[in-house]
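For chain B, the structure is supplied; the task is to place chain A on it using the hints.
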Amino acid sequence: MSSRVSEGGRTSTSRPPGEPRRVAYLYLLPAFVVYAAFLLYPIGRAVQFSLYDWDGLSVGRWAGLDNYAAILADEGLRAAFGHALVLIGFYAVGPLVIGLALAAILNHAKVRGLGFFRTVVFLPQVIAMVVVAIAWRRVYAPDGTLNSLLGALGLDSLTRGWLGDYAFALPAVGVVGTWFETGLVTVLLLAGMSRIPADLYEAARLDGAGAVREFFAVTLPSVRGEIAVALTLTVIAALRTFDLVYVTTRGGPGTSTSVPSYEVYHRAFGLSQVGSAAAVGVTLTVVIFAISFGINRFADRRVS
Amino acid sequence: MTASTRTPYGSRTLTVLAAVALAPVVTLTACAPGSSAPPPAASSAQPSPSSVRTDAAALGNVTLTVWDQEVRGGQAAQMKQLNAAFEAKYPNIKLNRVSRSFDDLNTTLRLALSGNEPPDVVEANNGRSSMGAFVKAGQLRPLDAYAEAYGWKERYPDTVLRYSRYSADGKLFGEGNLYGLPQVGEVVGLYYNAAKLTELGLQPPKTWAEFEAALAKAKAAGQVPLQLGNLDKWPAIHVFGTVQSRDVPAEQIGTLAFGRKGASWNTPENVKAAEHLVGWVDKGYFNKGFNGQGYDAAWQAFGKGEGVFLIAGTWLLADLQQALGEDLGFILPPGATPDAAPVATGGTGLPFAITAKSPNPDAAAAYIDFITSADAMKVLTDTGNLPVADTARQSVPAGPQQDVFTAFGTVTERNGLVPYLDYATPTFADTLGAALQDLMAAKASPQEFLATLEKDYKAFAESNG
Numbered sequence: 001m002s003s004r005v006s007e008g009g010r011t012s013t014s015r016p017p018g019e020p021r022r023v024a025y026l027y028l029l030p031a032f033v034v035y036a037a038f039l040l041y042p043i044g045r046a047v048q049f050s051l052y053d054w055d056g057l058s059v060g061r062w063a064g065l066d067n068y069a070a071i072l073a074d075e076g077l078r079a080a081f082g083h084a085l086v087l088i089g090f091y092a093v094g095p096l097v098i099g100l101a102l103a104a105i106l107n108h109a110k111v112r113g114l115g116f117f118r119t120v121v122f123l124p125q126v127i128a129m130v131v132v133a134i135a136w137r138r139v140y141a142p143d144g145t146l147n148s149l150l151g152a153l154g155l156d157s158l159t160r161g162w163l164g165d166y167a168f169a170l171p172a173v174g175v176v177g178t179w180f181e182t183g184l185v186t187v188l189l190l191a192g193m194s195r196i197p198a199d200l201y202e203a204a205r206l207d208g209a210g211a212v213r214e215f216f217a218v219t220l221p222s223v224r225g226e227i228a229v230a231l232t233l234t235v236i237a238a239l240r241t242f243d244l245v246y247v248t249t250r251g252g253p254g255t256s257t258s259v260p261s262y263e264v265y266h267r268a269f270g271l272s273q274v275g276s277a278a279a280v281g282v283t284l285t286v287v288i289f290a291i292s293f294g295i296n297r298f299a300d301r302r303v304s
Numbered sequence: 001m002t003a004s005t006r007t008p009y010g011s012r013t014l015t016v017l018a019a020v021a022l023a024p025v026v027t028l029t030a031c032a033p034g035s036s037a038p039p040p041a042a043s044s045a046q047p048s049p050s051s052v053r054t055d056a057a058a059l060g061n062v063t064l065t066v067w068d069q070e071v072r073g074g075q076a077a078q079m080k081q082l083n084a085a086f087e088a089k090y091p092n093i094k095l096n097r098v099s100r101s102f103d104d105l106n107t108t109l110r111l112a113l114s115g116n117e118p119p120d121v122v123e124a125n126n127g128r129s130s131m132g133a134f135v136k137a138g139q140l141r142p143l144d145a146y147a148e149a150y151g152w153k154e155r156y157p158d159t160v161l162r163y164s165r166y167s168a169d170g171k172l173f174g175e176g177n178l179y180g181l182p183q184v185g186e187v188v189g190l191y192y193n194a195a196k197l198t199e200l201g202l203q204p205p206k207t208w209a210e211f212e213a214a215l216a217k218a219k220a221a222g223q224v225p226l227q228l229g230n231l232d233k234w235p236a237i238h239v240f241g242t243v244q245s246r247d248v249p250a251e252q253i254g255t256l257a258f259g260r261k262g263a264s265w266n267t268p269e270n271v272k273a274a275e276h277l278v279g280w281v282d283k284g285y286f287n288k289g290f291n292g293q294g295y296d297a298a299w300q301a302f303g304k305g306e307g308v309f310l311i312a313g314t315w316l317l318a319d320l321q322q323a324l325g326e327d328l329g330f331i332l333p334p335g336a337t338p339d340a341a342p343v344a345t346g347g348t349g350l351p352f353a354i355t356a357k358s359p360n361p362d363a364a365a366a367y368i369d370f371i372t373s374a375d376a377m378k379v380l381t382d383t384g385n386l387p388v389a390d391t392a393r394q395s396v397p398a399g400p401q402q403d404v405f406t407a408f409g410t411v412t413e414r415n416g417l418v419p420y421l422d423y424a425t426p427t428f429a430d431t432l433g434a435a436l437q438d439l440m441a442a443k444a445s446p447q448e449f450l451a452t453l454e455k456d457y458k459a460f461a462e463s464n465g
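If you read the sequences in order, they're chains B and A. FYI, the numbering for the first sequence is 1 to 304, going by the UniProt record's numbering. FYI, the numbering for the second sequence is 1 to 465, going by the UniProt record's numbering.
Calculated directly from the structure, the hints in this document are not laboratory data. In this text, all values refer to a predicted model and were calculated from it rather than measured experimentally. Glycine included, each C-beta is placed from N, C-alpha and C at the ideal position. Misleading hints may appear alongside valid ones.
Per the computed footprint, the stretches of chain B lying under chain A, defined by three or more beta-carbons under 8 Å from a beta-carbon of chain A, are [as the list claims (entries may be wrong)]:
hint, segment
1, 150–162
2, 209–217
3, 230–239
4, 267–273
Which residues of chain A face chain B? A few of them, derived with a C-beta cut under 7 Å, are [to be verified]:
hint, residue
5, ALA133
6, GLY292
7, GLN437
8, ASP438
9, ALA442
In isolation and in its complexed conformation, chain A is listed as follows:
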């Protein structure tokens, strides 16, 4: 590494070579990165409903490249089944499926979309740093005309569709054009171990007060009241979101979580929520060393009977049911009274979107319609997924799966879904995740915790206009 310093000739040669090497770099600096990409044209040109073609069989021979993240168990099974059915129904359309895990898809999609031949259909994460950024760069096609033609707006509740809506410039999240359509729904609620509750002489809680009483009783009986694994930084976001939606009005959470102007983290209600969570830590409701426990390890421990409650999303249903069987139960976070309107953090699985550069948008839309149709929702149910539409119409055996279906059906019907808090700004998942680790380890006071969040939220909301 330092050999070149030994002889003067060496360093002179090095200079020459360096000059040769840097020459193309110097000429390159003339153009800004990203400027070779074609200008975003498609985003402004919305086709009218009459100009889109919905007759997929008449589209001629088409190959659709689809990137999805349905790699695990029931997710992979439904995708395989639906793709086969689609190709059987439309022999003129060939599917070229590329399947990657969630993390891998997130990191590679960005590059794939900025290329000249991106995939036709992609599963893009709803958040600002994914779908929002793609919309801003004009890489996704607005689907409103297709939604009109296929009647998507009638089949999907608006609280669900808004998770795939952005303004054409990508600035406003939760309103504007529709850029994707999800297959599955998600809601964060309380999993409970029914056997443990019976052991403690308790019923599944109907009110928040009953829930807290159950936690106290479980603690007194030497059980782990709440299982949590927060090593991966984000899991506590769902716990805090659940606590927060008891103390903070739903509209305020919506404004904060969609990163819009006009709300604040520095409110008495948010302080109460943060203190509430710290109170749980102080009372020892969480397992020891939760900040050092992995997320997977935590729910696996719950599956093995460690812990009475687990605050987590419906995506764990299949795995937990396998572990706990009929002992598993699921409820929405209860309100102040048994008949209070339900409020829960939730949303949709990753929506399927069409790229702006796709030469076959009509075929792509037909594909998306097919995998989200009423028949597809049945396939999703049969493979153990939670369909985002027609949830109440599915027949599932009584037990945890029915609990989950009922919960999601109820909360969407009564418009009680509040968005994930980490949607707020491109950096918020990280800010909130780290701040919650600080808060729950008593490294930051509730006020300091909220000040950190407010700083990120305000800076973004102001600059975003």
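For reference, chain B alone in the conformation it holds in the complex:
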């Protein structure tokens, strides 16, 4: 988004002859109007709502930063942000590790039918999240697939109502995220790895590097950019998880799987606390922005 902005800025360094640089802004205008109308304006309104005590119906009452203070003081909400952090592990770290291994193997072995495997691995991404969630709800049900499988293996002691179990509900939701995101990460990394010139591997092999050494010395550094993109996408997905929680657990059991996005919905539509919901939303936006900014800064510095 903002890269468009910087291109507009760059024209000022080498001014094209005979053309006033302000014209450049004119070219930006159409896109900017759309961007402002559908993104900046709603964000501005959300920030405004977050400063009011408003039920969505009657006239709002100015509350200043009270909503934000309440968020900090709200133990349940702090827990919700904590759950989102746990989900990052499942959504981002897990898929990255699995994706790296998968992509390295697929790329290295030059398997026959690579296109086929790539499609299979990517398939979860094509399915709507709600469908994914309903399917997994069946898998985790007390009489569902997972428990039948455990029963067939003689592990009856492990069977439980997965989504209703205080210890396992959050990991159970997280595993769905891992399953969902792994395909995306793998395909991204595969694309990156296929660009690595073969002579780099040759050189490594001449120096006596094994497959593992080769992976850490050649493959991993070469796909740093892709890793950054993958992490950004998956971390954002983790932090804004809503549909999955809404369909599978509604934040339960108790409040053990509640996440910030679900709280936004719940407060705005369930409890009619629109101001508070907006404040949670704004906070979440800031957190997402900070984390993805951090990831990209980190990746950029390491590259250069």
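Coordinates of chain A only, in the frame set by chain B:
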């Protein structure tokens, strides 16, 4: 995303653009959200019974927009039939029906009502966060004048009408103006599998002690005594409500559930009720992993013969009857003695209300009267619904449907309905649902459970005045 940090020009341009973008926002902050809506005027101005017009045929050409949630099976069938009959009887009134599922209606109604041209008739959930909030914002029209003109108060028992009553400021629930009229009734009771009971050598329980003995016997025989699916958080509320109304006096439950001052969750009776429920969990009366079982999955399992009893509402009748046929039975939760006054959680389906901004309130009221008339109650019966009025007068074949009709007729006649506990405060459904999951998973003691409820209830009752 970080490209703008690469060149200083980029960030300067960004600042300029940001300033341009934020300018309208800054000017906007001058007015508070919601202030563009017209002031609530209609709520204070009650028309007198003589000024309302009940002759719908003489109202001229009118189009009524109706939002309902009657999307499933028999509900959809009765609505379609009644709407067609209404349009045939009053050709001058056209209906524009918008039908949404319960969840979708709940989330979109709020926005629709705050617009300048809201629908004329809406089905609004009784609770504080729906109907209560709409009344407070002056978006619904009090119907007392129409109730007088059409004689609704004679046809509906007061324990039923109170579920649609609010004070004009929306603060008091269960008394004050009438804001809606429901079509169907609901009561939570015990569904049982008659075949299983016979197998166990038991009769449908006549007292609470017999019921508990039946649970114990079913458990000993390796059956699932009570089917429950509590993944969706709220189903256990109905189970707890049923247990609670054995141990806690009905007036106390009413005060707690309507969120009025003057009661407390921290009472020995409530402790007993909570311990009672935990006792059932400890004895293994519920199916394994009930907190991880979906609500639909649970009653479907009961329909397939898993479970001897199911504590649930009359809304499951049609679906369960289809699955179990004549093996299905329904009774009100039994009392201490066979002839004890019945007490059961229950109420009405979503009431139909008229919006304050509707330009055709007379036509809207005529419509509501039509779909709740004696004839309409017959249509409701024929399509497998439980009519809220004239229940005893309907003739239904013996079997589960008759069980349900008898149960609802009895409990309303003897004023034994107690409100849903989640009506208490705007946040109570969530507080109670989560707290019950905690209680039944032994994550909270009965005392901690009640302290959680008391905190929510007290905070609301105090601030509400």
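Cross-check of the supplied hints:
1. 150–162: holds (count 4)
2. 209–217: Violated - the segment 209–217 of chain B has 0 residues with a Cβ nearer than 8 Å to chain A, which falls short of three.
3. 230–239: Not satisfied, violated; 1 residues make the cut.
4. 267–273: holds (count 4)
5. ALA133: holds (6 Å)
6. GLY292: Status holds, d = 2 Å.
7. GLN437: holds (4 Å)
8. ASP438: holds (5 Å)
9. ALA442: violated (10 Å)
Going through the hint list in order, the structure does not satisfy hints 2, 3, 9.
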